[in-house]
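**Student:** Chain by chain, the residues run as shown.
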Amino acid sequence: MDFNTPILVTIILAVVGLLMPVIDALRRERISNKAYGIAASVTLAIVIGVIIFNILTNNTSNIILTNSVLSNDLFGAFFSIAMLLVSIISTISSIDYMRKTPNPAVYYSLMLLSSIGMVLIAYSTDLVMLIAAWELMSIPTYVLAAFKKRDPSSNEAAIKYFIFGALSSGLLIYGISLVYGISGSTNITVVIQSLAHIDESLSFIALLAIVTFAAGFGFKMALFPFHMWLPDTYEGSPTTVSSLLAAATKKAGFAAAIRVIVIGMSAFSVEWGLMFAVVAVLTMTIGNLAALTQKSLTRMLAYSSVAQAGYILIGLSVAPYSDLGISSAMFHVMNHAIMKSSAFIAAAAAIVSISTVNIDSFKGLGRRMPVTAIVLTISLLALAGVPPLNGFWSKLYLFTAAIDASSTVTWGSYLALAGVLNSALSLGYYGWVIRKMYFEPSTSEKVKEPRIILGVLIFTLIFMVGFGIYPTPLIEFSSLASPIP
Amino acid sequence: MNITEFVIISAILVGIGIYGLVVKRNFIKTLFSIEIIVNAANLNLIAFSKFNPITSSAGQITALFSIAIAAAEVAVGLALIILAYRLYNDVDVKEFRRLRG
Amino acid sequence: MIPIEFIFRMVEGGGEFIHNSAFDALAINVWLIWILPMIGAMISPLLNKVSKRGRDISPAIFAFVSATLSSTLIPVMLEGDEIHTQISWINSIGIKAGLLADTLSIIISNLVAWISFLIIVYSIGYMKGDRDLARYWFFMLFFIGSMQLIVLSDNFLMLFFGWEGVGLASYALIGFWYRDRSKDYVGRIDHYALAIPQFTSPTHAGMKAFLMTKAGDIFMITGIFLIFMHTGTFEYKPLIEDHTWAENMHTAGLLIPAAVLIFGGAIGKSAQFPLHEWLLEAMTGPTAVSALIHAATMVKAGVYLVARIGPIFFIAADIASAQFFEVVAWVGAITAFMLASQAIVNKEIKKVLAYSTGSQIGYMMLALGIAGLSTSFVEGYSAGIFHLASHAMFKASLFMIAGGLLHVAESRFMDDMGGLKKNMKKSYIAIMAAGLSLAGAPIITSGFWSKDAIFAALLESSYVFAPVLYVMAVLTAVMTSFYTMRMIGMAMFGKKSKHIEELEEHSHHIHEVSALMFIPFSILAAGTIIVGISGPFVEGFIHERLGIFLTNSYGIEVEHEEIKLNWIAVISSLVSFGIGAGLGYIYYIKRAANPEVISKNAFTRGVYKFLENRWYVNSIYYWLFVIGPLFIARIFWKYFENVVVDGINPALEFSMAWWSKIVRYIQSGVVQTYVYAFGIGIIFILIILLSV
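Chains as they are written, first to last, in the working numbering: chain A, 1 to 485; chain B, 1 to 101; chain C, 1 to 692.
Simulated from the structure, these hints should not be mistaken for laboratory data. From the three backbone atoms N, C-alpha and C, an ideal C-beta is built for every residue, glycine too. Some hints here could point you the wrong way.
[Claimed, not checked] Not the full set, but computed from the structure, chain C residues with beta-carbon under 10 Å of chain B:
1) Asn110
2) Ala134
3) Gln667
4) Gly669
5) Val670
6) Val671
7) Gln672
8) Thr673
[Stated by the list, open to error] In silico DSSO-like pairs for lysine-lysine, Cα to Cα no more than 27 Å straight-line:
9) A:Lys448 / C:Lys661
10) A:Lys148 / B:Lys94
11) C:Lys52 / A:Lys295
12) A:Lys363 / A:Lys448
[Said to hold, decoys possible] The following residues of chain C were derived to be distant from chain B, with all beta-carbon distances above 12 Å:
13) Ala252
14) Ile548
15) Asn649
When you get a sec, could you build the whole thing from the sequences and use the hints?
**Tutor:** Rendered as structure tokens:
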């Protein structure tokens with residue numbers, strides 16, 4: 001089977017990622033931090049180019065179920081592009097944000113290695129490959145979260161993340177073992193077939209497997225009640241790492257969930273759709289409610305991430321009943337990746353320039369850091385789903401999918417209603433930040449904004465506004481890439 | 001021993017692991033609990049590999065993978081706790097409470 | 001090699017050329033014509049940080065490129081062809097974004113593009129030293145992009161977007177000098193009519209313009225949606241191809257209302273009665289803005305709209321659409337008459353020109369209206385379009401000259417000017433040329449030929465009330481030539497006023513304006529004379545091209561015949577010019593008689609007051625639409641808002657914050673609690689799955 005692309009990507013990233021610490025250890029004089037950052041960014045750019053080139057030349061089909069471990073399909077390409085875009089955004093921003101760190105080579109190399117894991121998760125069709133890639137993605141991020149060695153918050157964030165992450169990996173392996181027990185193989189294709197003809201007495205085990213998968217992936221996706229690590233981790237880690245966690249690793253959770261649960265378990269006749277729906281509503285509500293009274297921007301964005309995962313889950317929960325389900329979820333995945341990373345990077349800019357992310361000290365930021373304020377405003381509005389930004393379109397499609405499904409299951413329209421109400425609720429805390437920035441008088445002078453981060457922010461701004469006005473390319477891409485179960 | 005017993009044992013082990021995570025306050029004990037969970041999964045894999053009518057070795061291969069992965073994880077975990085000890089002078093997980101709300 | 005079909009599929013989602021013509025390669029030009037100024041607008045604030053010179057020169061470059069692209073489309077018009085391209089935009093509701101470049105749009109697009117370019121060049125000189133120039137260029141370029149979008153779009157929806165865009169730009173530019181210094185006001189400071197102040201500040205003027213045109217826009221969007229409900233599309237072409245929608249709407253009694261509602265938007269944008277009051281206050285903006293927006297382009301958007309939908313209704317509904325054309329013609333005639341009458345007594349130079357603009361647009365509406373009421377549609381149609389082009393040229397020129405006079409004399413009142421022709425030779429020649437064109441001086445000016453065409457169209461019509469309209473048109477022409485000569489006389493001829501003498505004492509000498517300013521208006525003034533001299537040919541050319549256009553695009557039958565002069569029309573033109581200009585000459589240029597004589601007679605004094613107070617329309621509007629509703633709103637506020645709504649708000653806020661605090665309390669910060677919740681979660685999910 002043709003799976004050149006993921007292997008090629010792996011090799012490129014691995015070579016650069018592994019070489020960087022080696023070079024750092026060997027050279028006598030110091031290479032500036034920037035050099036590592038630029039090397040990492042260029043590598044990621046090349047890799048994105050490789051994937052896009054592959055799409056254009058092969059016109060790969062939307063999902064390929066194969067007997068081997070990887071499949072070079074459009075679904076994988078879609079998620080890879082989303083996650084790698086976030087990686088490159090975080091990496092470039094780290095050039096400014098992490099300019100004082102004592103070991104930059106390790107930092108950037110960890111980012112690259114984590115990206116390998118993300119790409120492989122997106123393309124994997126075998127459970128063992130999945131778990132290996134999952135760990136490859138997660139373990140570097142545990143270290144990255146603790147990267148500020150002298151900051152106790154960073155350490156605490158990493159510990160909480162680690163405990164949960166390790167627990168979830170353990171549960172995932174357990175789930176894989178159960179599935180292996182039922183089907184005799186770890187390949188998803190074989191799993192589907194065997195689940196279709198399952199013996200009654202074994203159905204409880206399959207159920208238990210779904211539960212553990214939901215818990216394991218749900219941790220990464222930050223669904224209720226597995227989300228509790230998230231606010232602490234996003235608040236404590238360095239902000240560029242939070243951006244990576246919020247926008248990239250979370251998406252990996254969704255990619256894995258779609259491959260394993262939505263596709264893999266589709267043959268198993270249990271109503272996991274309703275389970276996801278209940279979880280989605282709870283996630284959205286808890287996330288939005290908790291965000292309302294936050295004082296720290298990064299913590300607020302963390303809760304917002306929780307809520308956004310709820311929206312995406314709406315799409316997945318109606319997947320068995322509506323054609324639009326998965327494609328709308330994937331559309332929102334891509335949009336959210338950019339929106340959330342943009343917001344976090346704006347927060348990073350604030351830290352670099354004014355050393356705080358306390359929302360109260362954002363007073364008058366509109367005048368002090370004009371470009372950052374504008375991009376942050378647009379990101380928040382996009383997250384809230386305000387037209388003509390890209391978040392509006394993806395939320396529209398998600399709710400349409402839910403209503404579309406309500407012709408088959410009654411709870412579809414309630415799900416959509418919950419989504420709409422939550423969107424309105426979210427505008428409450430987004431608007432609060434925007435108000436602080438623009439409508440309250442500032443106390444101090446204009447601040448210099450970090451140049452490189454500004455460039456990244458402007459790129460995301462163009463992305464959000466451009467695809468908000470003309471969403472058709474993204475919609476087409478997500479429809480083409482989404483598997484119909 | 002037949003397959004059902006192994007499955008029950010591994011399920012109990014998972015339960016013990018989660019109990020350990022919830023109750024124990026020392027971070028090293030947390031690492032133990034995580035190891036218990038992973039090993040329960042490994043036990044399951046190997047048991048299925050042996051007792052399954054379509055005897056495939058995929059289970060054992062997976063178990064090998066998982067052992068290696070668990071080792072890497074624990075290594076990182078230990079590094080984190082060493083850092084924590086330097087900063088807090090404590091390995092009591094309950095004391096890590098700066099980030100909340 | 002690399003199949004780009006994949007990208008094509010993603011980007012265009014089915015983009016296509018609707019009508020394949022030989023000129024399809026130029027389709028990208030059509031898109032660029034409106035996109036380039038928008039890009040220029042976005043760049044402008046950035047350039048402001050980089051280089052002041054660059055910021056001032058780049059708009060001119062963008063305008064020039066856009067204008068050149070517009071001219072590349074002229075061969076399309078000469079072939080009687082059109083370029084029509086679309087890309088699908090929102091697939092789920094089947095809305096496409098498309099552009100249509102046919103004869104009508106190409107003519108107007110070129111007009112808009114080139115006059116915009118000249119005015120931008122003029123602005124570089126006029127606005128020199130102003131401290132808010134970045135904002136100015138942004139809105140000017142945004143305006144040009146939106147105006148081109150109006151002219152080039154192939155469906156009502158995109159037209160509406162451009163419509164709103166020009167409205168926004170107009171609001172921003174009218175209120176440009178938002179600090180409201182007294183010298184930026186319009187009107188005499190102590191002038192009240194019916195207890196309403198007749199002088200306005202820039203911010204107030206901007207708001208007034210915005211709201212009045214917005215009222216028109218609401219009518220327009222209602223009309224558009226009425227049509228959408230019966231046809232399922234926003235595009236023009238489907239309306240022409242299949243006429244069933246017109247029959248359906250006619251039987252439902254909705255055809256005329258929809259047409260008149262859309263015309264409502266045109267009334268607002270083109271400052272016709274009854275939505276004409278905003279145009280006069282719009283003079284608070286810089287003169288370059290007045291020249292561009294309120295003389296040459298935006299106010300013509302309404303005329304363009306009527307020119308676009310007129311033939312649609314004519315061909316689709318035939319007799320049933322006659323009422324619509326009647327409305328158009330009467331509104332045009334009334335506006336022309338009313339505003340011209342107010343111009344003859346006004347003392348501010350820009351206000352005279354503003355009244356004049358509204359009045360001349362009335363002529364254009366009259367011509368387009370009468371076209372639908374005649375057997376030969378093309379007569380009135382081509383007269384209206386010809387007058388549109390001709391007026392754009394001389395009015396823009398007149399405004400630019402007035403701007404120069406304002407600068408030099410440091411006052412907007414004509415009383416404070418006088419005798420300027422001695423020191424401002426170039427402005428003098430130009431104002432004579434453009435002014436004579438406005439007045440309709442015989443043979444050598446374009447204004448004569450275009451006005452004559454309108455008279456001829458009126459005479460050819462078989463409409464029963466055409467003679468009444470004709471008389472109104474002729475009287476308006478008399479007043480037009482009168483106030484034009486008056487304006488030129490008061491400003492240029494005679495002795496220097498006290499104000500000028502004071503200025504000269506402070507060694508502020510009267511001098512000609514800079515080259516950046518006089519070259520643009522001289523070009524336009526010369527243009528109006530050149531078109532005048534070749535009058536019959538230009539008129540014949542436009543007549544023929546529009547005839548072909550109407551036949552090809554709409555299927556309206558046009559007889560090709562020689563242009564014959566209608567002698568009654570010619571004589572009326574000459575006579576009205578003679579009377580009006582003659583009176584103006586006697587009173588204001590030769591100063592042979594004293595115009596103050598009207599204050600002697602009670603009757604004429606009353607008429608004068610009536611005209612000066614704008615027929616009291618402005619005051620009545622304020623009472624009805626501003627003071628009245630504000631009063632009611634205040635009552636509402638006191639008894640409803642303060643009590644009910646302000647009671648609910650804190651309750652909502654409190655409850656939500658309470659829930660939020662509860663949720664946050666659960667996040668205790670202790671890991672074990674989190675894991676505990678994790679475990680409960682697993683059991684919870686298990687229970688859900690088991691119970692379903």
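**Student:** Now, for every hint given, state plainly whether the structure supports it.
**Tutor:** Hint by hint, here is what the structure shows:
1. Asn110: At 64 Å from the nearest chain B Cβ, C:Asn110 fails the 10 Å test, so the hint is violated.
2. Ala134: violated, 44 Å
3. Gln667: Because about 6 Å separates C:Gln667 from the closest Cβ in chain B, which is inside the 10 Å limit, the hint holds.
4. Gly669: It holds, given that the least Cβ distance between C:Gly669 and chain B is near 3 Å, below 10 Å.
5. Val670: Nearest chain B Cβ about 6 Å off; hint holds.
6. Val671: holds, 5 Å
7. Gln672: Where the cut-off is 10 Å and the nearest Cβ of chain B is about 5 Å from C:Gln672, the hint holds.
8. Thr673: This interface hint holds because 9 Å falls under the 10 Å limit.
9. A:Lys448 / C:Lys661: violated, 36 Å
10. A:Lys148 / B:Lys94: holds, 21 Å
11. C:Lys52 / A:Lys295: violated, 42 Å
12. A:Lys363 / A:Lys448: holds, 16 Å
13. Ala252: It holds; C:Ala252 is separated from chain B by about 62 Å at its closest Cβ, greater than 12 Å.
14. Ile548: For C:Ile548, whose nearest Cβ neighbour in chain B is about 75 Å away, the distance exceeds 12 Å, so it holds.
15. Asn649: holds, 25 Å
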